[in-house]
Amino acid sequence: MPSAGDMSCRRARALLALQLAAQLPWEQEAGLHDHLAACPACRGEGEALQTLDAELRTAGTLAPPGDLWRRVSAEMARQPVPEAPAPLWRRLLAMPTPLAATAVAAAVVLTVLARPSAAHLRPLSPEVGRAVVADADAAFYAQHYAVAAWPGPATDHMALGTTLVSAVSAQEAEEQP
Amino acid sequence: MPLLARDDVERGTEVAALAAAAREGDREAFRRLFEAHQRGVYTLLAYLVGSPDDAADLAQTTFVKAWRALPGLREPATFTAWLYRIARNAVRDHQRKTARRVPVVALPAAAEEATAGAEADLLAEERREAVRRAVTSLPAKHREVVAMHHLNGLDVRTIGEVLGVPTNTVISRLSRARQTLRRALTSVVEEG
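From first to last, the protein sequence lines stand for chains A and B.
Every letter in the first sequence is one number past the one before it in this note's numbering, and letter 68, counting from 1, is 66.
Every letter in the second sequence is one number past the one before it in this note's numbering, and letter 108, counting from 1, is 109.
Bound conformation, chain A alone (with noise of 0.2 angstroms):
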């Protein structure tokens, strides 16, 4: 492949397409343009792809239906409004309570799990375990208290957290009619 000056002929070809891709560095349009100046070939290439792109640019569009707005309000109107999505506490609230209440035992946990270190943690007493869900389902309580009794403060946290879900999901089922 020729050169003229520093730049190839294949690097200038390369150089055009970035130029009319408008993705041109501009510390590559001096070398480009000298190159087109002592390079007819190039320079020919470059007239010939503009010449194209403005060909490309006002035969190529084509006009849609002169009725397509018409159509494309008439299936809108036949549609509610969209509405943006709420915050996430407000779905949260729009929730079903043994779901929020999940979603909820899961954040704790995972914010237990995340911290650096879960040393600091005392591990709870089945007492207070027995405490906080004594409105609980004695099934669930049972369930659950198998798991508080591994040991490890991490663990009996989870669990916390998994006997409190189903104590609120009991309770719930219980009020149902």
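A hint or two may mislead.
[As the list claims (entries may be wrong)] Far from chain B, by Cβ distances over 10 angstroms, these chain A residues were calculated: (1) R8; (2) A46; (3) A61; (4) S71.
[To be verified] Facing chain B, a subset of chain A residues (Cβ under 10 angstroms, in silico): (5) L18; (6) Q21; (7) E25; (8) G29; (9) C37; (10) D51; (11) L54; (12) R55; (13) T56; (14) M74.
To be clear, the hints were calculated from the coordinates, so they are not data collected in a lab.
All C-beta atoms in this analysis are idealised placements derived from N, C-alpha and C, irrespective of residue type, glycine included.
Fit chain B to the given chain A structure using the hints.
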């Protein structure tokens, strides 16, 4: 050459403001977005499906889907790329439903050119037809970048966002498409 012309920046800002208003349910703002994008979306669809009637139906589907989905648009500044993605997905769904690839056919003259036929320069119309035939003959991947960039004036970065490919890939596809078009349109380009 600057990356973005001043007009592009102002246009982008206006589109973002309109998209933000439309996202809140402002139908007039959405109508203005429609006015600004209908020709570009229709042109892309027409070149992708090869049928003006199907393109009109898909353009309707695209804008209605956009209206429904607008509340989920996080960045109003990306509205144009987002809208074109919906249009491409509409084409994909359409082709899946019809279970066939729509054959590439020459597109008839658009409505406004047809009505101006009496005054139209026949030679210019022949050139337009030649360009349309050449574009519709391109492979789909090249056709869509040519439609978006050369016909609709989308910048290569936005096209990259629409297609989910790097900007360099868009530039490369455009370059190859132009080589094909130059061969197909030798007489038109040389006359120009």
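Exercise. Okay, which hints does this one fail, numbers in order?
Worked result: 2, 3, 4, 7, 8, 9
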